Amino acid sequence: MSPADLTAELEQLHAAAFGWALSCCGWDRTAAEDVLQASYLKLLDGRARFDGRSSFRTFVLGVIARTAREVRRRSALRRWLPLASLVLGPEAADGRPDPATALARADDTTRLVRALERLSARQRQVLHLVFYEDLTIAEAAAVAGISVGTARTHYERGKAALRKLLEKEQE
Amino acid sequence: MIERDDHQLREGFEALRREDAAGTPPFGATVAAARARQATVPRHRALRLGSAVAVVAVVVLSIWRERDGVRLQIDLATVRWHAPTDFLLKLPGDELLRSVPQLGSRGLDRRTL
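Protein chains in written order, with our numbering: chain A, 1 to 171; chain B, 1 to 113.
Simulated from the structure, these hints should not be mistaken for laboratory data. The structure displayed is predicted, hence computed values, not measured ones. Don't take each hint at face value.
To be verified - Sample of chain B residues with no beta-carbon within 10 Å of chain A, all distances over it, derived:
#1 Leu9
#2 Val31
#3 Ala83
Claimed, not checked - Residues from chain B shown here face chain A by an in silico Cβ test under 8 Å; the list is partial:
#4 His7
#5 Arg10
#6 Phe13
#7 Ala39
#8 Leu97
#9 Ser99
Ideal Cβ placement from N, Cα and C applies to all residues, glycine included.
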């Protein structure tokens with residue numbers, strides 16, 4: 001894929017990629033922008049290369065998920081090792097939803113985000129990929145780096161837990 | 001029942017997607033920020049790498065010195081401290097107590113006994 005084609009494809013996926021980065025970063029906008037920039041950098045300088053084994057969309061979402069995991073790991077390391085910031089650089093964000101984004105949301109969406117935050121990370125990821133990104137469970141499994149069976153279990157349990165949480169929120 | 005619930009969830013996520021899309025930063029700005037980051041990364045990386053190498057070198061050197069027994073030795077036996085009040089401990093005739101009396105051959109002459 002030529003650099004121009006790659007940029008054009010990324011531009012088409014940009015909104016979906018940002019939504020996925022937000023979900024991976026617990027709806028922290030600053031952290032999501034940081035993860036998205038780092039992911040684009042990997043894609044543009046060739047560190048993450050598309051080999052055509054999956055759809056381009058699945059591949060890009062997978063790169064974002066991996067980058068978000070790396071950022072989380074670095075943050076955890078920074079918390080535990082005081083000198084790690086010398087090697088890893090400054091921390092980007094605290095991983096919590098920022099107040100401006102939370103205020104701009106409608107009530108129903110706020111309830112949904114709050115309920116999603118209470119699910120396990122895997123359940124939240126699979127539900128987001130299926131409902132938000134319109135992926136199949138198999139594609140969601142490829143993005144999250146888990147087996148299809150595991151993804152299906154997370155999907156079913158996550159849906160049931162999310163419904164219960166939303167009912168509780170409405171009461 | 002399940003399908004209706006799925007539909008509700010789908011609608012909820014659709015609304016979330018619309019709200020997120022409204023706040024999505026422009027693609028051009030994100031790519032420009034990523035490129036700017038790329039420009040600063042080598043300098044930061046060299047600095048961080050240098051710090052890491054220095055820390056590792058210090059650790060390796062100290063382990064190596066420890067293993068080979070090359071360490072700073074302080075021989076306490078060569079250091080003798082004299083208190084200013086030591087003279088008070090000197091008693092008159094002290095040297096008699098620290099030495100063995102030498103008896104001359106005359107003194108031990110059996111004939112004189």
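Going through the hints against the structure:
no. : hint  : verdict
1   : Leu9  : 6 Å, violated
2   : Val31 : 6 Å, violated
3   : Ala83 : 45 Å, holds
4   : His7  : 11 Å, violated
5   : Arg10 : 6 Å, holds
6   : Phe13 : 4 Å, holds
7   : Ala39 : 11 Å, violated
8   : Leu97 : 62 Å, violated
9   : Ser99 : 63 Å, violated
Of the numbered hints stated above, those contradicted by the structure are hints 1, 2, 4, 7, 8, 9, listed in ascending order.
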